[in-house]
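Residues per chain are reported as follows:
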Amino acid sequence: VQGPRGGVGGGNDFQWCFSQVKGAIDEDVAEADIISTVEFNCSGELLATGDKGGRVVIFQREQESKNRLLSRGEYNVYSTFQSHEPEFDYLKSLEIEEKINKIRWLPQQNAAHFLLSANDKTIKLWKISERDKRAEGYNLKDEDGRLRDQFRITTLRVPVLMPMDLMVEASPRRIFANAHTYHINSISVNSDYETYLSADDLRINLWHLEITDRSFNIVDIKPANMEELTEVITAAECHPHQCNVFVYSSSKGTIRLCDMRAAALCDRHSKFFEEPEDPSSRSFFSEIISSISDVKFSHSGRYMMTRDYLSVKVWDLNMENRPVETYQVHEYLRSKLCSLYENDCIFDKFECCWNGSDSAIMTGSYNNFFRMFDRNTRRDITLEASRENSKPRAMLKPRKVCTGGKRKKDEISVDSLDFNKKILHTAWHPKENVIAVAATNNLYIFQDKIN
Amino acid sequence: MSGEVQASTEEQQEMQDTVVSPEKAEEVKLKARYPHLGTRPGGSDLLRKRLQKGQQKYFDSGDYNMAKAKMKNKQLPTAAAEKTEITGDHIPTPQDLPQRKQSLVASKLAF
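As they're listed, the protein sequences go chains W and S. Residue numbers are given in the numbering used here: position 148 of the first sequence equals residue 737, and the series is strictly consecutive. Residue numbers are given in the numbering used here: position 40 of the second sequence equals residue 160, and the series is strictly consecutive.
The following block holds chain W by itself, in its conformation from the complex (with noise of 0.2 Å):
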């Protein structure tokens, strides 16, 4: 997005200013509200969130008014339905979580739009579509739709249509299950339009989007033994550009770029990442942190990025012995990692995500703030997903942990962090500077300034 400064950039180089925010403002957050996942489709059009209650909720952007100058269209509800619903599986005797995991769109195709949605074990897709038009003059029902007493038939009429209140839709055209024994963490759409990838803590898919019944496994990492497992998959997506490759991480912090063309099982990696590690500074907590918890290709191809405990890497995809770029999210955490580990916090997965230029990358932390990076003035902010700051257009002003013993001014010591508000889903506008940040049951829209 080229900015009036003739720049591209996020950071410092851009004004956020609050738009939106949804959801109730209980002080006591029902599971079912908190938001798993959040996802713009690809022209940015709508927003999607998924959360605990298996449920969907879509928001459209308003077309934008030639009179409201200041402000980009804001969000509404343009449909909600119920994805998943809980289960149990009977051989053993657990629970599946209706919890939605991902959410994707299909790239658009026609006047309906398709998204596909995943709990633990089941994918669905489904499509959403408009109805403006009814039809009405029925010969054998009533308007209400009671059948009408034969007897009185005496005439015999055309049905008309007629407008009506838009109605969206939502319909499962697809449900791909079955194919999971452990939880799936991940689904990506593939370039071709055709195919889209699921992977779960040792498995990933292929499938068809037109074929239920069956999917092609790609790569499976359990061992023979399972006493000897070392490393699960954390997270998977198809390149956006190159329908043969896709990516997967691990919790030992690799990445293994795959290709299938070589093979059908693509245990063999073509291409293996991993950033050398100092045997000295080796501790306990050393490889739990180093677990990705996110990947995510850059619109280019050409990079890719991953997000672990601590921090944030820039891959290029040419190089695979170290990132190109590391940025520290909240390096202050390093010293409380014991505490974090007794309240499980240290397995907390964030995600992280793209600018639709690729310039810069944003990503959540806790105490509802959440971190933008600008890859090229190498500028970081902190900003705060907060009701306090939620006066219409009000500028977002930076925030800053204070780390050492002297505590100035609107600074936040460590040790006052609220755990509990995390931002682990975020997502960024693929064409315009327009955010949209889960802060638990809370969805958080946020706009660059128009000059």
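None of these hints come from the bench; they were simulated from the model. Please read all numbers here as calculations on a predicted model, not as lab measurements. Just so you know, nobody snuck in bad clues.
Here are the simulated BS3-like pairs of lysine-lysine, each with C-alpha atoms no more than 25 Å apart in a straight line:
id: 1; chain 1: W; residue 1: 811; chain 2: S; residue 2: 169
id: 2; chain 1: W; residue 1: 681; chain 2: S; residue 2: 192
id: 3; chain 1: W; residue 1: 841; chain 2: S; residue 2: 149
id: 4; chain 1: W; residue 1: 938; chain 2: S; residue 2: 144
Computed, partial: chain S to chain W, Cβ under 10 Å:
id: 5; residue: 141
id: 6; residue: 145
id: 7; residue: 146
id: 8; residue: 148
id: 9; residue: 149
id: 10; residue: 172
id: 11; residue: 173
id: 12; residue: 180
id: 13; residue: 183
id: 14; residue: 185
id: 15; residue: 188
id: 16; residue: 226
id: 17; residue: 227
id: 18; residue: 228
Even for Gly, the Cβ is constructed at its ideal location relative to N, Cα and C.
The hints should help you fit chain S onto chain W, whose structure is shown.
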């Protein structure tokens, strides 16, 4: 006051470690609290726990359904089902019955 107590060599080592690596200092703290923690960092136990995702195992489906019912009672009830009773004259057909109300609560984001 007489001179300060000489720091023991262990404490000195710990101080050095803190200077060298905050991570190592945290490890020391953790091992002090949980001396029986696995010697191998990370390790299969953690991975196994991860595969199970901390799921509660139920005895059977009856146990599961009982647990779900208990939870539903705790939550606020959804809109009470309207009962336009169809009794009396005729046997109801599917077209006569009122539309089934959604039994699940809608997302608060949709308001």
